[in-house]
Every structure is written in C-alpha cells, then in structure tokens.
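Engineer: Going line by line, the protein sequences match chains G and F. Take the first sequence: its letters are residues 1 to 174, numbered as in UniProt numbering. Take the second sequence: its letters are residues 1 to 174, numbered as in UniProt numbering.
Among these hints, one or two may not hold up.
[Stated by the list, open to error] Okay, the calculated bits of chain G under chain F, using three or more residues with CB under 8 Å as the criterion:
(1) 74-86
(2) 119-133
[Unchecked claim] Within a straight-line C-alpha distance of at most 20 Å, the following computed PhoX-like cross-link-like pairs (lysine-lysine) qualify:
(3) F/K115 / G/K49
(4) F/K129 / F/K115
(5) F/K115 / G/K129
(6) F/K173 / G/K92
(7) F/K54 / F/K43
(8) F/K173 / F/K99
It is worth saying that the hints were derived from the structure and are not from the lab. Backbone N, C-alpha and C fix where the C-beta goes; we use that ideal spot for every residue, glycine too.
What follows is each chain in one-letter form.
2 protein chains.
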Amino acid sequence: MAAVPQIGILVEFNYEDLEVWYPLLRFREEGFHTFSIGPEAGKVYQSKKGYPCKADKSIDDVKAEDLSALIIPGGFAPDYWRRDQRFLDLVKTMFDSGKTVASICHGPWLLCSAKVLNGKRVTCFHSIKDDVINAGATYEDASVVVDGNLVTSRIPTDLPDFCKAIIKQIKEKQ
Amino acid sequence: MAAVPQIGILVEFNYEDLEVWYPLLRFREEGFHTFSIGPEAGKVYQSKKGYPCKADKSIDDVKAEDLSALIIPGGFAPDYWRRDQRFLDLVKTMFDSGKTVASICHGPWLLCSAKVLNGKRVTCFHSIKDDVINAGATYEDASVVVDGNLVTSRIPTDLPDFCKAIIKQIKEKQ
Chain G
1 MAAVPQIGIL VEFNYEDLEV WYPLLRFREE GFHTFSIGPE AGKVYQSKKG
51 YPCKADKSID DVKAEDLSAL IIPGGFAPDY WRRDQRFLDL VKTMFDSGKT
101 VASICHGPWL LCSAKVLNGK RVTCFHSIKD DVINAGATYE DASVVVDGNL
151 VTSRIPTDLP DFCKAIIKQI KEKQ
Chain F
1 MAAVPQIGIL VEFNYEDLEV WYPLLRFREE GFHTFSIGPE AGKVYQSKKG
51 YPCKADKSID DVKAEDLSAL IIPGGFAPDY WRRDQRFLDL VKTMFDSGKT
101 VASICHGPWL LCSAKVLNGK RVTCFHSIKD DVINAGATYE DASVVVDGNL
151 VTSRIPTDLP DFCKAIIKQI KEKQ
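Okay, chain G solo, but in the shape it has when bound (with noise of 0.2 Å):
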C-alpha cells in the first residue's frame, strides 16, 4: 500500500480564512495527512477576519522529503512568510525537489521570493498579477493553472478547482 500522502499548508497572521481552512479539511477528507505549519508550533495565527487556526507544526520542524505537497494560502500571510528565509527554503527545496507546490491568491508572492516562478504559467490574485508577470512568469486568467509541479489558481471561489487539481496530482504521484 502507498503510503499515506503528507500535505503541509503554511498558517500566518492575516491569511485567507478560506485558503487555509478549505483545502485542511478537504485534503484531511480525502485521508491525507494535513497539518498547518507556521512559524512556531502551537501558536494560535487570526485570519484576515480574526478566525483562528493553530499551527500544527513550526516550520523549522519540517523537511521537504517528508512532504508530498506544500500549500501556499492567500491573504496578507504570504508579506510574512516572504521574509523569512526558512519558508524561503522549504518552498525552493519543494520545488527543486519535484513535490507538488501550490499556491493560491496572494500566495505567489512567496514564489515570486522564494525565485521559483521564472519562464512558468501561472495565475493568482489580480493585484499581484504585475508581480508574477515580473518575476518572470506567463499569467493566465484561470480558476487553475497547473504547470508540472506547480498549481496555481486566483480566489476563494476557486478553490474547488485547485483541490481538485492537487488531489489528482499526489494520486498520480503515489
């Protein structure tokens, strides 16, 4: 039997409530293992709306190998996370690696950082569209973009499509 798929998504002051908590009880849905990692274990992080979510795990106690896929929610998280050079790490790791990379909304501005996104199809939040487009990517205007390893889509709306889109890749993977 495969063994069972590990599925991380990054948790921050001011992420989108539904960006994180959508895909965290569809992947745990699917009989994924899926926790939050943040940037201390145990600290409660307040969405953009003040809903809280606790972080499984901090991300110095994650390694890329033993990851499937990463999630990058949206909101104003991805303005921290950015600036941390472990989440820089964990993302450009995953990536090279070939594990599945998946960032939603704002989310990308952690690609356009973690300096994964050049020459790829991409898509994500309209105001952030000049910063993908700079950093080297191809945008398009789509409920999800998938592009080898990387899949990408643009609102809380979308995130039916961008699940789905994630699940079929870490089965194919398996």
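Add chain F to chain G, keeping to what the hints say.
Structural biologist: Showing chain F alone in chain G's frame:
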C-alpha cells in the same frame, strides 16, 4: 509670492497609521495645503490598527496638474490602490509630468503596477524588495532614496528623512 504647494496623500483601508498621519500633519505644519485622497470623498478608512482617516477628496476629483506632490503610504492599502485604474493613472501622469511622487514601505507596489520603476533607484519595505527589483528598479537600503522626482523610504521610522527630502524638493521647485 509663490503659490501654496498642494500635497495629496493617498488613503485606503489597512493604511499604515503613521505613514499617512505623519506626512499629513508635517506638511500642514510646513504651510503646504495637504489633503487625503481616497476611493470615495468623505468616507472614513481604518488603518491597520483601526485609526480612522476621512478622505478629504475622491480620486475622481483630483487632477495631476493641480498637485505639487503625491504621497503613497504603506500598510496593505497599496494592494488595493494598484487594482484601481484611477490610482494607476494619477501616479503615471504625476510621474511623467515631473511632479514629486513619494512612496514609503509597501507603497511602491502601486509604482510597480503604474510601470514607473524601470531604471530607477528606490528603496522600500524589505518584504517587497523582490517586486521592485523585478519591476526594473535598483534597490538601495537607505532611509531615503531620491532619484529625480521619485522619493522613496522603507519604514515608519524613516518618516523624518522622507518628509525632509520631499519638502526640500517641493521648495526647490517653487
């Protein structure tokens, strides 16, 4: 006697408290006619910490030709301005006509989308450093960087140097 300089400061939900209020009060102290410009006149916008600022004017009622300088503060407000063509147009017209355009912290996100940064020397909050570099600018880590009519700073504690540089430029043009 030279006309009184007219200074516009952008405001919007989630603005950085001091980066709106310090320039607003400082330029008034200097004797400049200084007013806030928001998406809607008379509407009260809350800062990141909930501090209210009423928009003196709507962006619809402001013409670049009537302003001596435009101040673009930070916080997450710039993520909203950059989605709005009216703000992009004002910035581009101010910039192209040689008027002072000054931006601090996350404010340069609006400059990235207004496509005015290529070949310019700038500074900004460190989390968006990659975005301004990808937009074609050269990044300098200094409390204030002046490149022609473009004045940029990094953080709230740079505000004294930021305002001093703007006042100097406005007075030299009088």
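Engineer: Holds or violated: F/K54 and F/K43, Cα atoms, limit 20 Å.
Structural biologist: Roughly 5 Å separates the two Cα atoms, so the pair holds.
Engineer: With a cut-off of 8 Å between beta carbons, are at least three residues of the segment 74-86 of chain G near chain F?
Structural biologist: holds (count 5)
Engineer: Are there three or more residues in the segment 119-133 of chain G whose C-beta lies within less than 8 Å of some C-beta in chain F?
Structural biologist: holds (count 5)
Engineer: With a cut-off of 20 Å on the C-alpha distance, tell me whether F/K129 and F/K115 pass.
Structural biologist: holds, 16 Å
Engineer: For F/K115 and G/K129, compute the direct alpha-carbon distance and say whether it is at most 20 Å.
Structural biologist: holds, 13 Å
Engineer: Given the hint that F/K115 pairs with G/K49, does the C-alpha gap stay at or below 20 Å?
Structural biologist: Measuring from Cα to Cα gives roughly 32 Å; hence the hint is violated.
Engineer: For the pair we were handed, F/K173 and G/K92, check the Cα-Cα distance against 20 Å.
Structural biologist: violated, 48 Å
Engineer: Please verify whether F/K173 and F/K99 have alpha carbons no more than 20 Å apart.
Structural biologist: holds, 9 Å
In the structure shown, a violation is registered for the earlier hints numbered 3 and 6, in ascending order.
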